[in-house]
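Line by line, the protein sequences are chains E and C. Going left to right, the first sequence walks through residues 1 to 317 as the numbering used here numbers them. Going left to right, the second sequence walks through residues 318 to 607 as the numbering used here numbers them.
Hints in this document: simulated from the structure, not taken from any laboratory. Please note that the accuracy of each hint is not assured.
[Unchecked claim] Residues from chain E that keep clear of chain C, each with C-beta distances beyond 12 Å, as calculated:
hint	residue
1	13
2	28
3	125
4	129
5	133
6	224
7	227
[Said to hold, decoys possible] A partial selection of chain E residues facing chain C, derived with a Cβ cut-off under 7 Å:
hint	residue
8	128
9	162
10	291
11	292
12	304
13	306
[Said to hold, decoys possible] Here chain E is said to cover these stretches of chain C; the calculated rule only asks that three of the stretch's residues, wherever they fall, bring their Cβ under 8 Å from a Cβ of chain E:
hint	region
14	545-553
15	584-595
Since this is a predicted model, take the numbers as computed values, not measurements. Ideal Cβ placement from N, Cα and C applies to all residues, glycine included.
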Amino acid sequence: MNIAVTSKRLFYPGLLFLILILLSTLPFYASSYTVVRLSSILMYVVLTVSWAIFSGPTGYISLATASFLGVGVYTSAILGKALPLPIIVGIGGLTSFILALLVGVLALRLRGIYFAIFTFGLLAFIKHLVLWLEAQITGTRGRLVILVDTDTIFYVMLVIFVMTLLTAYFMRRSKLGLALQSIGEYEEAAAHVGINVTLVKIITFAISAIFVGATGAIMATRWTYIDPYIAFDPLYSFMPVLMAIFGGMGQLYGPVIGAAVFAYLEELLLTEFPYYYMLIFGIVLVVVILYLPNGLVGLIQKWWKGGLVRQRANTRR
Amino acid sequence: MMFETFLDVVIGGLLMGGIYALIAVGLSLQYGVARVLNVSHGEFIMLGAFITWLLYTAFGINPLVSLAICGPIIFIIGFILHRTLFTRLRISSPSPAAFEGSSLLASFGLLFIIQNIALAIWGGEIRGYSYLAFPVNLWGAIFAANRLVTLLFAVVIGLAFYLFLARTRLGKAIRAAAQDPAMAGFMGVNINQVLAICFGLGALMAGFGGSFISICFSIEPTMGLEYTIIAIIVVVLGGLGSIPGSFIGGFLLGLIGSIVTYFEPGLALIAYYGLFILLLLVRPTGILGK
Chain E
1 MNIAVTSKRL FYPGLLFLIL ILLSTLPFYA SSYTVVRLSS ILMYVVLTVS WAIFSGPTGY
61 ISLATASFLG VGVYTSAILG KALPLPIIVG IGGLTSFILA LLVGVLALRL RGIYFAIFTF
121 GLLAFIKHLV LWLEAQITGT RGRLVILVDT DTIFYVMLVI FVMTLLTAYF MRRSKLGLAL
181 QSIGEYEEAA AHVGINVTLV KIITFAISAI FVGATGAIMA TRWTYIDPYI AFDPLYSFMP
241 VLMAIFGGMG QLYGPVIGAA VFAYLEELLL TEFPYYYMLI FGIVLVVVIL YLPNGLVGLI
301 QKWWKGGLVR QRANTRR
Chain C
318 MMFETFLDVV IGGLLMGGIY ALIAVGLSLQ YGVARVLNVS HGEFIMLGAF ITWLLYTAFG
378 INPLVSLAIC GPIIFIIGFI LHRTLFTRLR ISSPSPAAFE GSSLLASFGL LFIIQNIALA
438 IWGGEIRGYS YLAFPVNLWG AIFAANRLVT LLFAVVIGLA FYLFLARTRL GKAIRAAAQD
498 PAMAGFMGVN INQVLAICFG LGALMAGFGG SFISICFSIE PTMGLEYTII AIIVVVLGGL
558 GSIPGSFIGG FLLGLIGSIV TYFEPGLALI AYYGLFILLL LVRPTGILGK
């Protein structure tokens, strides 16, 4: 009995450790094409998990992810030549954190659909503001970004990925995570229990934005050329929402699995059907919302539970 | 000279405002009654614009006459979409708030589907045609006749729709469904039918708006999102769900855009979004919202 419990307790950390070792040695045995593809899958996982850190428990639909990513991208484009890479990535995370603090202070009073509309309007606002500023100051639309080799991008992405997962994990276990959960259940009651509702929301929102900004700063180096339309593409706001729903938000691994599977599918669709990729994307979005409200994980759990019930029925007989 | 410039800016703003108002009324109806914040609203505008363009360039049908053809087509598309997709979502959602979230995301899916079907059919080029494009002189300020005609039509359609809501039996059912869908259902309103009609009517307004846009401006399959965002801004400006609010908001936004464009053309969009963000923070319920 005890052995079973400890082996079960060691199973998931062991599995994670194995995956981490496989990932961290990837550039030694895989082709550089695989490394590039995995970097972009890691990017989507980070975006989705950090979206789910805040929006999962609270139920506030944030469409600000693309704004945070774009701010990171521009940090990298502006400071790229002046500073070493780790510092740029750090500053990318920091600027994104500050933007999220500002947005949080202003907008987290808004509930429900208003918050979603606000964050989406903010994205359009920042995009056009940057476009106008670039035209006024530099007289051009886009910028060139420094080149970084694919292995370095991959390792930086991996570090951000691990940090995001650890943050998400410990956040769920902490008092802060419980407070967030209770805000999602019933915000007024949470406030009455003595939770500083506004503070909890703002801090979580800002912390979750750090990883998105850092991701933007490193991924910008892969795109080499950026302009506001690339950096503030609304797709980066919707993808994390879709991927989190696709995976299921009840568990931490839901968004991770959702993002990984979906990002892989996206790469596949892009190479196989470049013209119909967006059409297929739309159909998948509608179908997932209609038929998989609890996501892939919900589906798997349903099967698994069904299996368990049958097992129990068997033992009783 | 001063007076002419002033007229130029004000009338120009009102002309734009008429179209804004019409598309915002459609969105307001869809959100206020059917509770769907339809982000694919602009795609119905695009469909209206392309159907009108197609009828004019291929069959030579007068764009104002083709309103009678394009309107019903788009209404039926909207009606069927609500009966299949959104009704199902509404029934399976655990709470109204959950439905608002999931229908928002589903309408994003629709956006990509409709836009990419249009791109596959018509390609990515910018299209346009010329109809009633002769100049009209209004006290020294000069405008194209087609823009004045579209403003007139937009106002007439808006008024007719308002009377329909206020005076007819179906209009009463729609207003009841907006206030309390469950109670309206108890009173014998076929709620699924009424909500689907509302969604269809919202799409119809978008289609009409699209027809007018195609008369005055050039069109392309990816034009939708820009108008969707404008419609959302107007609806928030006027108060979510308020039809007269949307009308006032439309003209107000048209005027603001016209004034800002006069001073600094590059800032018009930034002014729209800035105003929108400010408004959400100061008075999220809008001008006429409760």
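Do the hints match the structure? See the list:
Separation of residue 13 of chain E from chain C is adequate, the least Cβ-Cβ distance of about 34 Å exceeding the 12 Å criterion. With a minimum CB-CB distance of about 39 Å to chain C, residue 28 of chain E clears the 12 Å threshold, and the non-interface call stands. Taking the minimum C-beta to C-beta distance to chain C, about 4 Å, the non-interface status of residue 125 of chain E is violated against the 12 Å cut. Against chain C, the non-interface label of residue 129 of chain E is violated: not every CB pair exceeds 12 Å, the least being about 6 Å.
Listed as outside the interface, residue 133 of chain E is inconsistent with that label: its C-beta sits roughly 10 Å from the nearest C-beta of chain C, within the 12 Å cut-off. Distance check for residue 224 of chain E against chain C: the nearest CB is about 25 Å away, which clears 12 Å, and the non-interface claim stands. Distance check on residue 227 of chain E: its Cβ is at least 15 Å (rounded) from any Cβ of chain C, clearing the 12 Å threshold; non-interface status holds. Proximity of residue 128 of chain E to chain C holds as hinted, the smallest CB-CB distance being about 5 Å (cut-off 7 Å).
For the restraint placing residue 162 of chain E at the interface with chain C, the shortest Cβ-Cβ distance is roughly 29 Å, beyond the 7 Å limit, so the hint is violated. At its closest, the beta carbon of residue 291 of chain E sits 10 Å from a beta carbon of chain C; the interface hint therefore is violated under the 7 Å criterion. Look at residue 292 of chain E: its Cβ only gets to about 11 Å from chain C, farther than 7 Å, so that hint breaks. The interface hint given for residue 304 of chain E is violated, since its Cβ lies 22 Å from the closest Cβ of chain C, which is over the 7 Å cut-off.
With a least beta-carbon distance of about 20 Å to chain C, the hint placing residue 306 of chain E at the interface is violated under the 7 Å criterion. Coverage of the region 545-553 of chain C by chain E holds. Counting CB-CB distances below 8 Å, 4 residues qualify, and the rule asks for three or more. Under the rule that three or more residues need a Cβ within less than 8 Å of chain E, the assignment of the region 584-595 of chain C holds, with 7 such residues.
This entry does not satisfy hints 3, 4, 5, 9, 10, 11, 12 and 13, going by the numbered hints stated previously.
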